[in-house]
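A.B. asks: Chain by chain, the residues:
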Amino acid sequence: MFELLGIPPQALFGQLLLGLINGSFYAILSLGLAIIFGLLNIINFTHGAQYMMGAFVAWMLLNYAGVGYWWALLLAPLVVGAFGVVIERLLISRLYRLDHLYGLLLTFGLALIIQGLFRNQYGVSGLPYGIPPELTGGHNLGFMFLPNYRGWVVVASLVVCLATWFVIEKTKLGAYLRAATENPTLVQAFGINVPRLVTLTYGFGVALAALAGVLAAPIYSVNPNMGADIIIVVFAVVVIGGMGSILGSIVTGFGLGLVEGLTKVFYPEAASTVIFVIMVLVLLVKPAGLFGRNA
Amino acid sequence: MASVSERLSVGGARREVVETAAFHRAVFVWIAALLLVAPFVLYPVFLMKVLCFALFACAFNLLLGYGGLLSFGHAAYFGIASYVCAHAAKVWGLTPEVAILAGTATGGALGLVFGWLAIKRQGIYFAMITLALAQMVFFFSLQAKFTGGEDGIQAVPRGRLLGIVSIADDRVLYYIVAGIFLFGLLAIYRMIHSPFGQVLKAIRDNEPRAISLGYRANHYKLMVFVLSATLAGLAGATKAIVFQLASLTDVHWSMSGEVVLMTLVGGMGTVFGPIVGAAVIVTMQNYLAHLGAWVTVVQGAIFVVCVLLFREGIIGVLARKLRKPL
Chain A
1 MFELLGIPPQ ALFGQLLLGL INGSFYAILS LGLAIIFGLL NIINFTHGAQ
51 YMMGAFVAWM LLNYAGVGYW WALLLAPLVV GAFGVVIERL LISRLYRLDH
101 LYGLLLTFGL ALIIQGLFRN QYGVSGLPYG IPPELTGGHN LGFMFLPNYR
151 GWVVVASLVV CLATWFVIEK TKLGAYLRAA TENPTLVQAF GINVPRLVTL
201 TYGFGVALAA LAGVLAAPIY SVNPNMGADI IIVVFAVVVI GGMGSILGSI
251 VTGFGLGLVE GLTKVFYPEA ASTVIFVIMV LVLLVKPAGL FGRNA
Chain B
1 MASVSERLSV GGARREVVET AAFHRAVFVW IAALLLVAPF VLYPVFLMKV
51 LCFALFACAF NLLLGYGGLL SFGHAAYFGI ASYVCAHAAK VWGLTPEVAI
101 LAGTATGGAL GLVFGWLAIK RQGIYFAMIT LALAQMVFFF SLQAKFTGGE
151 DGIQAVPRGR LLGIVSIADD RVLYYIVAGI FLFGLLAIYR MIHSPFGQVL
201 KAIRDNEPRA ISLGYRANHY KLMVFVLSAT LAGLAGATKA IVFQLASLTD
251 VHWSMSGEVV LMTLVGGMGT VFGPIVGAAV IVTMQNYLAH LGAWVTVVQG
301 AIFVVCVLLF REGIIGVLAR KLRKPL
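From first to last, the protein sequence lines stand for chains A and B.
Numbering of the first sequence is given in UniProt numbering, commencing with residue 1 and proceeding in unit increments.
Numbering of the second sequence is given in UniProt numbering, commencing with residue 1 and proceeding in unit increments.
Okay, chain A solo, but in the shape it has when bound (with noise of 0.2 Å):
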C-alpha cells in the first residue's frame, strides 16, 4: 500500500470519513438554520439542543419503550418537530414585530434550560446508543475499513440535504416558502396562510436537526451538552457560507467537515479551531460569506 507524507492510508481514510460525518452534520443543522432564517428572521439558538434533543428522544424510545432505530429515525424527527411548533407558537411567535436580536436571546434561553434539565436527569458522562444490527460490521474497501454504520450516515444526509434542496426549489410548497421569505405580506394577500407556514418552518427546521441528533447518536454518546458543542462550529459553518443558498449550505458543511478531517491528520492541535480560522480568512476575503448575497 501506499503511504502519503508519512500518514498510514487506513488513518488517513478513516479521519476523511470521521470529517465527511462531521460535515453532514455541519450540513444538516446549517440547512435547518438557513431555513429557520429566511422565514422567521431569527438565528435559532435552541437548534444544537433540538439536535441533542434528538439523540435523547431515540435513546428514550429504545429504553423506556423498546423502540429501536428505524422507528426512532421517523419519530424522533417528528416528537421535537411538534415540540419546536409548541415552541414557536408559544413564545417565539411573540417576537416577530421586535429586533431579531430578542429572537436570539429567547432561543439561547431556551437552550440553557433544555440543556439543564437534560444535565440533570441523565448526567454529563453520556449514555451509549448501539447502532442498528443490520448496520453493525463493515466492508474492506481495500485502501480502508468502512463501518456500514458510518457510510450509512454519509449517504443519508446526503439524501436528506438533497430532498430537502428539491423541495425547495422545485415543488409547489418550497415555491411558497421562498415567495413568504422575499415578501411575506404580498404572500399572505394572495390568500397563502403565511403564519401556519412560518410554524411548520420552524417544526421542519427543528425536526431536521433532531434527524441530524438520530443519526449521530450511535457515533458519538448520547450526550446533553453534544448540541452546545456544534451549535457554535455550525454557526461558523454559516457564516462561511452565508445563508442565501440551500446548496451552498450543503456544499460548505460536507467541505468544511472534510477540512476538518483533514486537519486531524496532519495538524490535530487545530483541528478544533481551523473552522473558526476559515471563518477569519472568508470574512477577510469574501465578507458576505462564499454563497452569500449582500443584505
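Derived by calculation from the structure, the hints in this document are not laboratory data.
It is possible that part of the hints are untrue.
Chain B is faced by these chain A residues, among others (derived, beta-carbon under 8 Å) [what the hints assert, rightly or not]:
| no. | residue |
| --- | --- |
| 1 | Ile-43 |
| 2 | Gly-109 |
| 3 | Thr-181 |
| 4 | Asn-183 |
| 5 | Val-239 |
| 6 | Val-285 |
| 7 | Pro-287 |
From the derived model, a few chain A residues whose C-beta atoms are all more than 10 Å from chain B [to be verified]:
| no. | residue |
| --- | --- |
| 8 | Gly-14 |
| 9 | Val-86 |
| 10 | Pro-132 |
| 11 | Phe-266 |
Just so it is clear, CB atoms sit at the ideal spot from N, CA and C, and this is done for glycine as well.
Place chain B on chain A using the hints.
C.D. replies: Showing chain B alone in chain A's frame:
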C-alpha cells in the same frame, strides 16, 4: 412668537439636561457612599465578585446599549485578560497594578482584531462571528501551555500594590476594586455623554442616516468595540487578582451568555442597569450554587421571561416610573 416659543423649548431642553446631570451626580454620590459602607455589612469577597461582574456588564452594555452591537463572545476579552494578568503576576512576578494593566491591554488588543473582523458583517451575523471568535479563544486557552489547560492558573499572588502596600487583606483589596469599578463606570458615563457617544447613538438608531451625514460608522463601531473589550479586560484582570485564579470558566461561551443576561435583567442601554443586573445574577448564583445544573435552567428561564415580558429591565422600568434617564 415662534422664536420665543423656540427659545423657550430650547431653554426647557437645556434645563432638562442640567437637571438630569445633577440627578446623575447625586446617583454617583450615592453609589460611592454605598461602596464605602458595603464591606462593613456584606462579605468583601462577594462584593468584589459583584463589582467585577458589574464592570464587565457595564462594558458589555456600552457596546450593546449604546452601539447597538450584540457581541456574543465577550468572555474572550474578559477571560484572556484574566489569564494574562494571572500569568504576569505569578510567572513574571509583576506588581498587581502592572499585571492588571497588562491584562487590560491584551483584552483591548484582542478587541481591536476581533472587532475589526466582526464589524464586516451586521446584525445576526455579527453575533455569530463574535461567538465563533470567542470559541477560538476558548480552544486556544484549553491547549496553550501558559493557561494551564483544565487547571487554569491557580494561586496567583495578590502581591503588593506599587510594590509597597500589601493587598492580601480582603478589605484593603475591596477598596481598590471599588476604585477600579468607579473609574470604569465614570469612564463609560463620560463616553456616552460625549460627542462620540452622541454619534454612536445616532449610528445605533439609523446607520445609513449617520453615514449620509458624513460619519464614518465603522470607525465609531470599531472604537466602541475596542473600548468595551478593554473595560471587559479590566474587569477580567481584576477578577484574576481577587480570586487568585484564571480558569476556563472565564473564557467559556456560558460566561458570554451570563453577561448578556446581567445586562438584560438590569436594563439594556441604561447607565446603571448592568450594575443591578450583575448584583442580581451573582447573588442568585451564590444562593443556588448547591443546586448544580438547575442554575443553568433558572438562568435560561430568566432569559425567556425577560425577553417576553420584561425587556426594559429593572432600571429601565424604574427610569420610566421616575421619568428620568438612568
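A.B. asks: It remains to establish, for every hint, whether it holds in the given structure.
C.D. replies: To see whether the hints hold, each was checked on the structure:
Satisfaction of the interface hint for Ile-43 of chain A is found here, the shortest Cβ-Cβ separation to chain B being roughly 5 Å, below the 8 Å cut-off. Because the smallest distance between the Cβ of Gly-109 of chain A and any Cβ of chain B comes to about 3 Å, under 8 Å, the interface hint for this residue holds. Of the supplied interface hints, the one on Thr-181 of chain A is violated, with its beta-carbon coming no nearer than about 15 Å to a beta-carbon of chain B, more than 8 Å. Checking Asn-183 of chain A against chain B by beta carbon gives a least distance of about 19 Å; that is not within 8 Å, so the hint is violated.
Given hint, Val-239 of chain A at the interface with chain B, holds; its Cβ is 5 Å from that chain's nearest Cβ, closer than 8 Å. The beta carbon of Val-285 of chain A is not positioned within 8 Å of any beta carbon in chain B (closest approach about 11 Å), and the interface hint is therefore violated. Given the 8 Å rule on beta carbons, the hint for Pro-287 of chain A holds: about 4 Å separates it from the nearest Cβ of chain B. Separation of Gly-14 of chain A from chain B is adequate, the least Cβ-Cβ distance of about 23 Å exceeding the 10 Å criterion.
For Val-86 of chain A, the shortest C-beta to C-beta distance to chain B comes to about 14 Å, beyond the 10 Å cut-off, and the non-interface label holds. No Cβ of chain B approaches the Cβ of Pro-132 of chain A within 10 Å, the least distance being about 31 Å, so the stated non-interface status holds. Listed as a non-interface residue, Phe-266 of chain A keeps its Cβ farther than 10 Å from every Cβ of chain B; the least gap is roughly 16 Å.
In the structure shown, a violation is registered for the earlier hints numbered 3, 4 and 6, in ascending order.
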